[in-house]
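Engineer: In UniProt numbering, the protein residues as written are 1 to 142.
In short, the hints are calculated from the structure, not lab data.
Backbone N, C-alpha and C define an ideal beta-carbon position, used for all residues, glycine too.
One thing to keep in mind: the hints can contain errors.
To be verified - Now the in silico label distances, taken between C-beta atoms and shown as ranges:
# : residue 1 : residue 2 : range
1 : 68        : 123       : 16 to 24 Å
2 : 22        : 128       : 15 to 23 Å
3 : 7         : 98        : 32 to 40 Å
4 : 104       : 35        : 34 to 42 Å
Unchecked claim - DSSO-like mimics (lysine-lysine), calculated; alpha carbons at most 30 Å apart, straight line:
#  : residue 1 : residue 2
5  : 112       : 92
6  : 19        : 126
7  : 27        : 126
8  : 27        : 39
9  : 7         : 92
10 : 75        : 38
11 : 120       : 39
12 : 92        : 75
13 : 7         : 21
14 : 120       : 21
15 : 92        : 27
16 : 120       : 19
17 : 38        : 19
18 : 38        : 128
19 : 128       : 75
20 : 112       : 75
21 : 112       : 128
22 : 92        : 128
23 : 126       : 38
24 : 126       : 112
25 : 19        : 92
26 : 126       : 39
27 : 128       : 7
28 : 7         : 126
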Amino acid sequence: MNSQTSKVYLFVHVITCVKNKEPLLTKPVRTVLFAHIKKHATENGINVLSVNGTDDHMHAVVQMMPTQNLAQIMKSIRTDSTTWINEGNFIKSHFEWEEGFAALSVSPSGIKQVLEYLDKQEEHHKTKTLDSELEVFQKIQI
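Sequences and hints are given; from them, build the entire structure.
Structural biologist: Listed below in structure tokens is the structure:
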């Protein structure tokens, strides 16, 4: 198979937190921020299938291309969104993301379920904290 006929299906579910898990991403901020992130990603050749979250964190599903790496994708998204929030004065305090992030691969057969999970973030976090959510991912054994 040559590179012109290659089909690549690399999906990654990424979770990144506001620095110190501060609840800075109010619903109005999230609405404009997540739209901006998708636009920025598209303009930079990053295929963000979905982005959503709550006051203290964000989830995204990214379809990676063979020439991309996750660290570069996340650096682009997080650097741009941090600058955009701070320069736009969308919140009263200085905004930053935590340095690290969590990432999980997603099988093409499971992508629909993960996208539905992202769509329901507000509902999901009425009963589960971010820490309890991250604990589930940490318990995954291979």
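Engineer: Hints broken by the structure, by number, lowest first?
Structural biologist: When the structure is compared with the hints, numbers 1, 4, 5, 9, 13, 27, 28 turn out to be violated.
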